[in-house]
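*Asks:* Build out the structure end to end from the sequences listed, making use of the hints.
Each chain, written out:
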Amino acid sequence: MRKSNQAFLNGVRAEFPLLIGVFPFGMIYGVLALNAGLSKAASQAMSSMVFAGSSQFIAAQLIHESVPGLVIVLTIAVVNLRHLLYSASVAPYLKNLPMSWKHVLAYLLTDETYAVTIINYETNAENPNGHWFFLGAGLALWTTWQVSTAAGIVLGTALPRNWPLDFALPLTFIALVMPALKDRPAVAAALSAGAVALLAYNLPYKLGLIIAALFGILIGMLLESRR
Amino acid sequence: MNIWLVMLLGGLLTFGMRLSFIYLFGRFNMPPVVRRALRFVPPAVLSAIIVPELLLPGGKFDLSFGNYRMLAGLAAILVAWKTRSALLTILTGMAVLLLLEFTF
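Line by line, the protein sequences are chains W and B. At position 162 of the first sequence (counting the first as 1) the number is 162 in this note's numbering, and the numbers step up by one without a gap. At position 103 of the second sequence (counting the first as 1) the number is 1103 in this note's numbering, and the numbers step up by one without a gap.
What the hints contain is simulated information worked out from the structure, not anything from laboratory work. Mixed in with the good hints there might be a few duds.
Said to hold, decoys possible - Partial list, computed: chain B residues near chain W (C-beta under 10 Å): (1) Leu1024; (2) Ala1048; (3) Val1079.
Ideal Cβ placement from N, Cα and C applies to all residues, glycine included.
*Replies:* Here it is in structure tokens:
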């Protein structure tokens, strides 16, 4: 087998354990997007247009609350800011690739793909086929995300309408936030952002959300720099 | 703004951030202050969404035992903390809310 094919398959294989967690997550997204009032086509399209789990959940929630579009776009951007860090982290390994490769791999740069790809780059720094590994991991995740979204959309139409399914959104966020609360500054960021979100809830255009998030980030940074 | 336009712009911004340093490598380095801020983005943004959902049901502040979303949310927080499982967290929270809503 050619070395590039081998690297591609290794990438798919490395991604596999993560896909087991991603599949139900994608299904829940499909169910919730539909319940938030998005059409089937829009629910499915968001999974390839935005292709970033937590920001898709948040966008669905904000669309459900009829928040103005510009605020939703801004929130998606803030939630996805961490991708700047991933981009900076893999950039040195991709510097000699053609532009077309850089664009494709950038599109596939999600949390889960970054996690396995950066480990591969750091342990096999000399391997010239690292970009094939990246592509394999990224496409495995992309395909799983599209299929699981579709499965969720099918399931979502079958669930009873009077169930408070919108509540699954904050529940998903609770599950997502827990691993990020690693130390005191992170917990302080979460608590202060939550408190400001309560106080600023009635501001127009959901601006309270962005103000609360910025305030939480600031508190976290202040506490961290004191240590 | 149209939903499709929102998704297009949100997607383009996300893609732009993913491409940023891959595209610019060697020409520009991330300011250290931005690097330090990034890890606080998820806890801050997510909590800013969660807390009002639990404590302001229907837009009114409610800390009483009649606030089922708060009770179900607390159960979910406990499960998330103990198990770290997204699926168990969602199932527990939903089950508690359904139980409370359909029982009382």
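*Asks:* Next, verify each hint and record whether it holds.
*Replies:* Here's how the hints hold up against the structure:
1. Leu1024: holds (8 Å)
2. Ala1048: holds (4 Å)
3. Val1079: holds (9 Å)
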